[in-house]
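Respectively, the protein sequence lines represent chains G and Z. Mind the numbering: the first sequence is residues 5 to 636 in our numbering, read in order. Mind the numbering: the second sequence is residues 16 to 694 in our numbering, read in order.
To be clear, the hints were calculated from the coordinates, so they are not data collected in a lab. Small disclaimer: the values here were computed from a predicted structure and weren't measured. Just so you know, even glycine gets a beta-carbon here, dropped at the ideal spot from N, CA and C. It is possible that some hints are incorrect.
Distance condition first, Cα-Cα at most 30 Å in a straight line; then the derived DSS-like pairs of lysine-lysine [claimed, not checked]:
1. Z:Lys372 - G:Lys363
2. Z:Lys113 - G:Lys85
3. G:Lys337 - Z:Lys113
4. Z:Lys672 - G:Lys385
5. G:Lys257 - Z:Lys672
6. Z:Lys619 - G:Lys101
7. Z:Lys144 - Z:Lys372
8. Z:Lys98 - G:Lys385
9. G:Lys273 - Z:Lys601
10. Z:Lys642 - Z:Lys672
11. Z:Lys619 - G:Lys78
12. G:Lys363 - Z:Lys619
13. Z:Lys601 - G:Lys243
14. G:Lys85 - Z:Lys601
15. G:Lys385 - Z:Lys679
16. G:Lys101 - Z:Lys601
17. Z:Lys674 - G:Lys363
18. Z:Lys619 - G:Lys243
19. G:Lys243 - Z:Lys372
20. G:Lys273 - Z:Lys619
21. Z:Lys674 - G:Lys273
Output of the computed footprint for chain Z on chain G, the stretches with three or more beta carbons under 8 Å from beta carbons of chain Z [said to hold, decoys possible]:
22. 248-260
23. 325-331
24. 378-389
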Amino acid sequence: MAAFAVARSRCVLLSGLKASFKTFGQVKHGAASAAVAQSELQQQSRRWYSVSHLSVQERIDRKRNAALIGGGQKRIDAQHKRGKLTARERVELLLDKDSFVECDMFVEHRCSDFGMEEDHNKFAGDSVVTGQGRINGRLVYVFSQDFTVFGGSLSGAHAQKICKIMDQAMMVGAPVIGLNDSGGARIQEGVESLAGYADIFLRNVMASGVVPQISLIMGPCAGGAVYSPALTDFTFMVKDTSYLFITGPDVVKSVTNEDVTQEELGGAKTHTAVSGVAHRAFENDIDALLNLRNFFNFLPLSNQDPAPVTECHDPSDRLVPGLDTIVPFETTKAYDMLDIIQGITDEREFFEIMPNYAKNIVVGFARMNGRTVGIVGNQPKVASGCLDINSSVKGARFVRFCDAFNIPILTFVDVPGFLPGTSQEYGGIIRHGAKLLFAFAEATVPKITIITRKAYGGAYDVMSSKHLRGDVNYAWPSAEVAVMGAKVTQHTPERRCELRLAVCRGGRDGSQGNTTHLLHKTKVTQHPPERRCELRLAVCRGGCDGSQGNTTHLLHKTKVTQHTPERRCELRLAVCRGGRDGSQGNTTHLLHKTHLLHKTKVTQHTPERRCELRLAVCRGGRDGSQGNTTHT
Amino acid sequence: MITSTLRRVLLVAKHASFQSRCCVASSRVQYSTVYDSNEKTFDKILIANRGEIACRVMKTCKKMGIKTVAVHSDVDASAVHVKMADEAVCVGPAPTNKSYLNMDAIMDAIRKTGSQAVHPGYGFLSENKEFAKRLAAEDVVFIGPDTHAIHAMGDKIESKLLAKAANVNVIPGFDGVVENVEDAVKIAGDIGYPVMIKASAGGGGKGMRIAWNDDETREGFRLSSQEAASSFGDDRLLIEKFVDNPRHIEIQVLADKHGNALWLNERECSIQRRNQKVVEEAPSTFLDPETRRAMGEQAVQLAKAVHYSSAGTVEFLVDSNKNFYFLEMNTRLQVEHPITECITGLDLVQQMIRVAKGFPLLHKQEDIPINGWAIESRVYAEDPYKSFGLPSIGRLSQYQEPINLPKVRVDSGIQEGSDISIYYDPMISKLVTYGATRAEALQRMEAALDNYVIRGVTHNIPLLREIITHPRFISGDITTNFLPEEYPEGFKGHQLTSEGRRELVATAAALYVSNWCWNIECSNEMTLWPPWQVEVDGVTVEVSGEWNLASALLPVTINRTPRVLQCLSRDAGGDITLQYLGTQFKVRVLSQLVSTLSAHMPEKVPEDTSSILRSPMPGSVVAVSVKPGDVVAEGQEICVIEAMKMQNSLIAAKAAKVKSVHCKAGETVGEGDLLVQLE
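Isolated chain G (complex conformation) (with noise of 0.2 Å):
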């Protein structure tokens, strides 16, 4: 770093280059020839220069000029107009100054069909902008997608220089950000550009859990081009300007008759709002790019790497009076999480993810004492703070980045239990409120969790309870842990057992947790009612030893190893395609195999079944699987 920057200044000092973006190149030719000695620099002004040199040196400084405005003055004009910022004044916001360094800026599409290989339908770097740079003093790599050359169409080349970035970004373990700003693929160059495409959701794939990726979409991002976005970590879009779809308005018209407005379809308040692509969406590209800048400061480089550690002014024993009054009497009663959390953090700061999907669930980071966490947590504001598909989901996606990068994870729940009903069961709830589940005890990372008002049933279980590993789990003095409400308990053992019944499921968490569950409450509802009471304060302040829950892992084992190595194989396999949901710590690992047994399998197909293979795979969307295997 030192380094780094002794070389800069001097190459500042001795050459003076203007140029407001300085490449890599420059640097180090700055710093090479102040090593060669300057002397030679003098000598060399009173040689006589050849033609050919002069005009290398003129044909650089045109071809920098030239890659220096893209698409050319019109089209950044129009880009303007759009209220969009152009590729390369996107990486000089996002950037601290003079910090970036291009690479591949002179990189030239290949396409010699339809006209392509004249001379003015080649741009200098084509329609994408790489390299590397640093947010705050930390590196990171970036692309940004240059709508003025062929709308940011992506070519063979285009796709090259976002894989190359992304395979240092890899190596080194720096984070990728795109600007995604692309009109989709470059039909000149047919199928080189899907190949594109794909290269560049392997990489996407393999970098997952390993390195940071966000991406900021502030442009179109249409049909195939879509699923970069969505394998990266964190997707957030610009307002009005920005618009995520597989198909346009045009192809869904004449496909299913829909009349739908490009907004309505997959606009940012769409995405962040009913299909939960986008994480965020801001008001304008420097409102996002500015915010993505603070964004930036909660996440490690990589997975090797701790999460930036700020000086906290906040102080760690700071007293928060309003955490006495926050949960209120009433059970039924509404207040918001997010008191809590904003009276917890540092400065009351919480960055939150998705604050407008699946809203019964919060997750976000903030920091405390100056290092970053990643906080869940039921909102009692929206639908009581129940879980549902939807916000299992959000939560098990936040819970396994935060596993991926070493974040520890902050939960504080509310939870009636999972929203019973037909749309949420045919919406396979099960599976979606299993991989909430899976998250949360697969995490490795210290895991506190805080019950603030009730924790009923499967959804107590699954939020982060002790059992799933938790390293620390404190409850409100006032905390309820039961199986359900005690409204329900006074009903007769028959209706119990029926309403237990539609609990569960309603509630999701498979047979084995009920036959606990009802021996549990058979039990205790031997007792009067003040024992009843009393013992399930007991449990809250014990935070629950959950004797019950070991004893069905234990018995699932036992079950599963009574079979033949082949069955239980197959079991297992079974389990891996059901969308592995079960509790079943093993079966992960086998998880892995499977996956490259099947890609062993893939490698024997044709390139071209490979490659269909490839995307069928991509669309399944990437429900955390992947991230993990690299991860582990």
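Position chain Z against the provided structure of chain G, taking the given hints into account.
Below, chain Z without anything else, positioned relative to chain G:
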């Protein structure tokens, strides 16, 4: 690393010692009273009130060694006054008529806890003679005057007759009920215009009309009687002379059951909005010793005439020639009693308790001093930009009282995390400052307001700070019409001078740069930043400060002038909200590059508000006068929202067809909730 940790420890320690020290200091300031432990009063007192006044009474009870019982509604179960009390009894659900006004429940609580006396505070049951009677029937002492005095002073007409009989100056007017319109015109002519027509049972500005001629008298009579009938169920009216440039000055009296009565000087309460006091001070800048004595003596005469005991307040209107007229007598402890306590050193609550037990007053009139000057600002959870204050609700996410400053007293019944709900008075606290001179007290008030941290609810500190720094207020030339006269267009917040603007901008810029420096990875060491030189409009401003970004307060030195600002919000986009001189200002700090590029950013069109109607405040919907499909004219009433006992009618901003209605009568709505959509 060691040094920074050490520093933090030191900071915490400093903070902790601060608080305890100033508690001692401020209590020393307030009272010269000696709490005689041999003087046995009561064992246990129930405080039939909530909020700051309940806490205030309990503080004195604790000093006197009396056990306290709090009553509370459901929602107040964890309120400060409940925590402070030795015992607490829930008396019902949130609405006041079911809890704090629920006499049966309160009587039950008294029996259950064995309380010997009840302090009613102000408001609620404090001037309810029925309550006093019921207490007397059960041999429980009512800490306040006896039923007779409450009854006599509760009725405006009767109190006026009594005052006249006691040789107290009363406003020229007709001592009796006005029969009809013609009668009204005749009486008005006798008194001489302008006259004021008001409801006999009235209060709070309802059923009040000013008339300058016969026609206006006729109209005023008609409207006032309607209003009086609907508001109080009593359409009796009276007419009196309207006093020009009136000041509202009141005399605190204190009487015992042995015929002794004292006047404890005056309080100037002229700064009002909608007939509710905002800023009070004692003494008044307007009174000379003769007038003061004359007023005091008349007040004592009145108190003696009704055999008054306990603390009470005689309100006067004073015109520009120092003529004073009796207005009414409040037979309770007033909200603004702390300023009298500050200048006299008496603990009024202690005196009330002593008197209630039957002890004679220990002081003589000549023992009552005027020591220095005290000013009280009522800090309300309300939006001062909407007709000088419409109630706002919310949770106090951050709350810090400026009690670390010298000679500052804060009477409050809330703490960080408390909810300001729609059920009760939106007062957050009473901020009292005290000084040897008025200027000193005012200066302390400025500092106290700057150091007062309130987050989570909209508050009226911008208005308070503007009032106390207003040249006209400083000169003492005030009337009850101060606010509407000085802010005819409504309150707009502090208007920045060019120097103020420079200071604000420079501070915001310095804050931005400091924050930016902290973000850079290499600056792990806690460094004291050199003063920032900020050039604003060609003028260099020097800003220095500690830039502790976690603190709610931002003490800075701008061009060697120390100031306390507050940073309310700060985001990555460079938007900073600062509270500067009381008012909140939004500042956007952009780097050169960002500001150049900002030119390309599209302007976002804000939501068209003329076709939607949102609730301007939290409250409940009383009536909805339209349904979907109706055609409304511009200005037509669409619905009525009731908040804090006030009905507000919401009107259509344009002529249109009603598209949808999102509220029904009886519903509770929050601020900004969509009520009705027009096409």
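Hint-by-hint comparison with the structure:
With a C-alpha separation of about 58 Å, the suggested pairing of Lys372 of chain Z with Lys363 of chain G is violated against the 30 Å cut-off. A C-alpha spacing of about 62 Å is found between Lys113 of chain Z and Lys85 of chain G, which places the hinted pair above 30 Å, so the restraint is violated. Between Lys337 of chain G and Lys113 of chain Z, the direct Cα distance comes to roughly 20 Å. Compliance with the 30 Å bound is thereby established for this hinted pair. For the proposed pair Lys672 of chain Z and Lys385 of chain G, the alpha carbon gap of about 34 Å is over 30 Å, so the pair is violated.
Pair hint Lys257 of chain G plus Lys672 of chain Z does not hold up; C-alpha atoms about 33 Å apart against a cutoff of 30 Å. Our distance criterion of 30 Å between C-alpha atoms is met by Lys619 of chain Z and Lys101 of chain G, whose separation comes to about 28 Å. Pair hint Lys144 of chain Z plus Lys372 of chain Z holds up; C-alpha atoms about 19 Å apart against a cutoff of 30 Å. Using a Cα cut-off of 30 Å, the hinted pair Lys98 of chain Z and Lys385 of chain G holds, with the two alpha carbons roughly 27 Å apart.
For the suggested pair Lys273 of chain G and Lys601 of chain Z, the alpha carbons sit about 26 Å apart, so the restraint of at most 30 Å is met. Our distance criterion of 30 Å between C-alpha atoms is met by Lys642 of chain Z and Lys672 of chain Z, whose separation comes to about 10 Å. For the hint pairing Lys619 of chain Z with Lys78 of chain G, the CA-to-CA distance comes to about 24 Å; that is within 30 Å, so the pair holds. Between the alpha carbons of Lys363 of chain G and Lys619 of chain Z the distance comes to roughly 26 Å, so the proposed pair stays at or under 30 Å and holds.
With a C-alpha separation of about 22 Å, the suggested pairing of Lys601 of chain Z with Lys243 of chain G holds against the 30 Å cut-off. Our distance criterion of 30 Å between C-alpha atoms is met by Lys85 of chain G and Lys601 of chain Z, whose separation comes to about 27 Å. Among the hinted pairs, Lys385 of chain G with Lys679 of chain Z is consistent with the structure: their alpha-carbon atoms are about 22 Å apart, no more than 30 Å. About 26 Å separates the Cα atoms of Lys101 of chain G and Lys601 of chain Z, which keeps this hinted pair within 30 Å; it holds.
Only pairs whose Cα atoms come within 30 Å are accepted, and Lys674 of chain Z paired with Lys363 of chain G is accepted, the gap being roughly 29 Å. For the given pair, Lys619 of chain Z sits about 10 Å from Lys243 of chain G by alpha-carbon distance, which is consistent with the 30 Å threshold. Distance restraint check for Lys243 of chain G and Lys372 of chain Z: the Cα-Cα separation of roughly 70 Å exceeds the 30 Å cut-off, and the hinted pair is therefore not satisfied. Taking the CA atoms of Lys273 of chain G and Lys619 of chain Z, the gap is near 15 Å; set against the 30 Å cutoff, the hint holds.
For the hint pairing Lys674 of chain Z with Lys273 of chain G, the CA-to-CA distance comes to about 24 Å; that is within 30 Å, so the pair holds. Using a Cβ-Cβ cut-off of 8 Å, 0 residues of the region 248-260 of chain G lie near chain Z, which falls short of the minimum of three, so the contact claim is violated. As drawn, the region 325-331 of chain G meets chain Z at 6 residues by the rule of a beta-carbon pair under 8 Å; at three or more, the given contact holds. Only when three residues or more bring their CB closer than 8 Å to a CB of chain Z does the claim for the region 378-389 of chain G stand; here the count is 0, and the claim is violated.
Violated hints, in rising order: 1, 2, 4, 5, 19, 22 and 24; the structure is consistent with all others.
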